[in-house]
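Enquirer: Given the structure of chain B, go ahead and fit chain R onto it with the hints provided.
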Amino acid sequence: MVANQNDKSYIIDARPTKDFFIYMLVKDIELSRAIIDLVDNCIDGALRIRPDRNFEDLYIRVEATPNYFRINDNCGGISVDIARLYAFRFGRPEGLPSIPHSVGQFGVGMKRALFKLGSKFRIESKTETSRFVLNEDVNEWKNKEEWQFQFDELEEDLENVPPDQRGTTIKVTSLHKNIAADFQLENFINRLRQEIREAHQETIEKGMAISLNGVALDAYPLELLSSDELQPALYKDKIHQNGGSVDVKVYAGIAESDPPKAGWYIYCNGRMVLGADQTNITGWGEGGEITIPKYHNQFARFRGYTFFDSDDAGLLPWNTTKTGVDADSPIYRYVKLKMLKLMRPVIDFLNKLDSEKNLETDEKPLQESVSTATATSVACIQTSSTFKAPKPSPRPPLPRLGRIMYNRPVEQIEKIKKILKVTTYKAVGEETFDYFYDRECEE
Amino acid sequence: MFCEVFRRLVEFGRVDTYRYIGFGSTFFSDFSLFHKSLKITNNVSIEREIGDKERFEFNLPYSCIELKFGESNEILPKLPWDDVRTIIWLDYDSPVSQSVLTDVAFVCANASGGSVLVVTVDAKPDHYDKRIQSLKERVGEQKVPRDLSDAKLGGWGTADASRRIISNEIEATLNSRNGVRGPGNKFEYKQLFNFHYADGHKMLTVGGILYDEGQEDLLAKCGFENLEFIKTGKEPYLIEVPSLTLKEIRHLDKRLPCCDPRDLDASWIPERDRVCYAKIYRYFPAFVDAEIG
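For the record, the sequence lines run as chains B and R. According to numbering that gives the first Met the number 0, the first sequence is numbered sequentially starting from 0. According to numbering that gives the first Met the number 0, the second sequence is numbered sequentially starting from 0.
Just so you know, the hints here were simulated from the structure itself, not pulled from any lab data. Nothing here was measured: the structure is a model prediction, and the numbers come from that model. A couple of the hints might just be wrong.
[Said to hold, decoys possible] The calculated DSS-like cross-link candidates involving lysine-lysine, where the alpha carbons are at most 30 Å apart (straight line), are: (1) R:Lys-67 - B:Lys-337; (2) R:Lys-38 - R:Lys-52; (3) R:Lys-233 - R:Lys-151; (4) B:Lys-337 - R:Lys-189; (5) R:Lys-135 - R:Lys-123; (6) B:Lys-351 - R:Lys-77.
[As the list claims (entries may be wrong)] Per the computed footprint, the stretches of chain B lying under chain R, defined by three or more beta-carbons under 8 Å from a beta-carbon of chain R, are: (7) 233 to 242; (8) 341 to 355.
[Unchecked claim] The following residues of chain B were derived to be distant from chain R, with all beta-carbon distances above 12 Å: (9) Ile-48; (10) Ser-376; (11) Val-377; (12) Val-421.
No residue lacks a Cβ here, since even glycine has one placed at the ideal position from N, Cα and C.
The following block holds chain R by itself, in its conformation from the complex:
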């Protein structure tokens, strides 16, 4: 899905001239994907576990990925930010916290126009009577919206609140950045992603594009809104992972795309799985059969 969006950034400049910053972990799957599909060669992977340095270096899939060891809060200010359009995916495995907001604010204060910021955080609700308290501890009382309650943070409520808190941080930072810019020259953020993803564990991915008001026509040309998973407001795009066998996947693929997945000739597959597979089949990871034993 990200690739489909990032390809459209070509209106702002050749996509292979973008820099990609991510937290590769030992798999570097995002880096491999973006290098292969978008030909991005300026890659920076931030790794906090310096103790596993050799392992990270061994697992580097391509030569064009630079490893930086340390906390993202510490590494981001050391990177060059002028005149480089960046796609940055802050893929945390923790919930929203001040540390997350520090990175978000940094990117919004320093990224150049046409850059894309994506943030993934854990959105699993805390224990039912400690949600507000723990949110306050993590982001500070001033940043917790007043209308929230423990109950409202249940279900996908924590994801919604996390999106609001991240969006507020983006707006506040851009406000400071924009004070010295004249009308028509302001720096703006347009949300593109608001994924609610649950594969046993609720996660939120929120993000969008940072651009100069003067680039509005370029943004319009990108036509992001034509992609059905683009969500520019509080309404999320729910990604559910269907439970299917490989044989079932091949069976469904042969019949896709189709108008109404409920009509798919596969009555033995639960309708919910059919519908949700039809939504995301183009982005579903490909598997290979392996003979074992």
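Isolated chain B (complex conformation):
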């Protein structure tokens, strides 16, 4: 007998559990990255009120202490409607009004960060016309059947809340033990400061005042060495996809020699998702190391910057934790071809620069060109379609050399030494080689 497919026994339960979100999802992200996700949300708020991306007078203040974590901004606030319908959903619901150039794409960042940090949180947000407060104890919420949070205070139809009061404050208390311990470490706070600064240098550059534990983070502009004879390469394109478009800019050039900073940097809507990358994801070691060699310290001057910008953040090749690129995405695979093309002449130049060191000549035009070039911000740098660099000084062609190594009985070597009147094994090898070559190979 065939069972009726409407029969309940045909139904398989695939509902998610709260535990999955509270305990599993948080494992996919590092603490510092989870905090940067919260900063991303503030920046999305800022983008909503300042689509021109001028962030003057806006701030994001982060406090990470062993007792609590707090992030507070004046970036426009979360409206009651957005909070009610979208902001607390797990995943990005359809219908959410999109923010051009958004950096908080995936709809998991805030919840994941809150769960990662501790078990109690309080969110207070005020917009031009509404205000709400939400308190939640995660341990209690976990045991409830419903997938809901509840407003503790709610005001709608407010009139003219002054701009400097429109913002959001999130405070997490009852921090998890390991989190509280990390927040006590000076090294962790320093690392977090560095990571926020790197991730959001463009936003800071555009006037956003970001601080961590009361200390302001300053932007350091992306720079490349430039002069009339030394010019970084720039590739620009607008790629149309799925009804939207992505602006792509790729710069490749050189900067100060600094191994930990060398490599490729990738930005999506101004947010760094990959920094100083020296792996195959950005082309190092491509084509069995023939197309591009693996990273080595003689390339410590290499810098490449790739920017993907789109009104539709869904078109950008970042992963959900924004800690890397989605290397399989069609757009990244395409742009990687361009990165390889721009990178190769820089690598060839750095190899020549390296071999110039060993030349016994006063003329070192490559070294000269590097030391006379000035570090210039990529925003206003003179570029060329391929990396432009001076030619190395002509030198007499040397025959290509090979190295021979082999073992023979010491007794026999000593005999030859005496006959040749030489003292080293090396000389024995060279003399016996020449002896054979003169007699058998010379034409």
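Expert: For chain R alone, coordinates are given in the frame of chain B:
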């Protein structure tokens, strides 16, 4: 043969506006031919032996050839590629290797629609028990087709495998290039050449045209398939060089073209040489008698 194909590229744009990139060596015979027959004036010759710079410069046959010294892997990324249709003949004297594939991938990633890529590699089989191993060493294990064996790489097997490896590289690169292009706008490759050439030493020449899907009608108008030596798949066109005297060549020329070369009135010339000469006589190099002594 190449000239006959390249002339038909006119559907994509005037052939004299194409750029030709080759490895001229000191003879520059390809450059001379393409300049004379196709009026190509934008020529780039890549030479690896910088030590012989003066000699190369002395031997330049025309003023419209730019010499670039260095490895092709290094020079190609430095050339401009936007808005220039290119005919590039990567004429290596070595077998297929990662270095060859790097150049092939570069061209496929960057050449504009209507460009032609031709690759010549040494296709002589390696020592009979080291063929697979040496192929893996040259191109990397991932790029060696699984069904090959030392035995299958014998005869013309190395040429067949080299063609497959080169074609795979082209397809993989175009796949990456095409990810961001919509349907109807993809970049395609159509193989036109698959020459097996043996003049004492087996060589493979494989290549074809790179074009945008939107250019399919132009490609059709070129009518490449009407040329009998065009091979779009794995079946090769075998070029054998007949062994003939000048007097015999003149004798055969007078009777060509003809329907069946076996019927040519030249019974003293071995049939094999007659047949193979009749196939390629229009492309056979011309010689001049010289009085010596």
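Enquirer: Now look at each hint and say whether the structure bears it out.
Expert: Evaluation of the provided hints:
1. R:Lys-67 - B:Lys-337: holds, 22 Å
2. R:Lys-38 - R:Lys-52: Measuring from Cα to Cα gives roughly 26 Å; hence the hint holds.
3. R:Lys-233 - R:Lys-151: holds, 15 Å
4. B:Lys-337 - R:Lys-189: Holds, because 23 Å separates the two Cα atoms, which is no more than 30 Å.
5. R:Lys-135 - R:Lys-123: Satisfied, since the Cα-Cα distance of roughly 16 Å is no more than 30 Å.
6. B:Lys-351 - R:Lys-77: With a Cα-Cα distance of about 15 Å, the restraint between Lys-351 (chain B) and Lys-77 (chain R) holds, given a limit of 30 Å.
7. 233 to 242: Answer holds; 3 residues pass the 8 Å Cβ test.
8. 341 to 355: holds (count 4)
9. Ile-48: The assertion about Ile-48 (chain B) holds, with a minimum of 32 Å to chain R.
10. Ser-376: holds, 25 Å
11. Val-377: holds, 20 Å
12. Val-421: holds, 31 Å
Of the hints listed earlier, there is not a single one the structure fails to meet.
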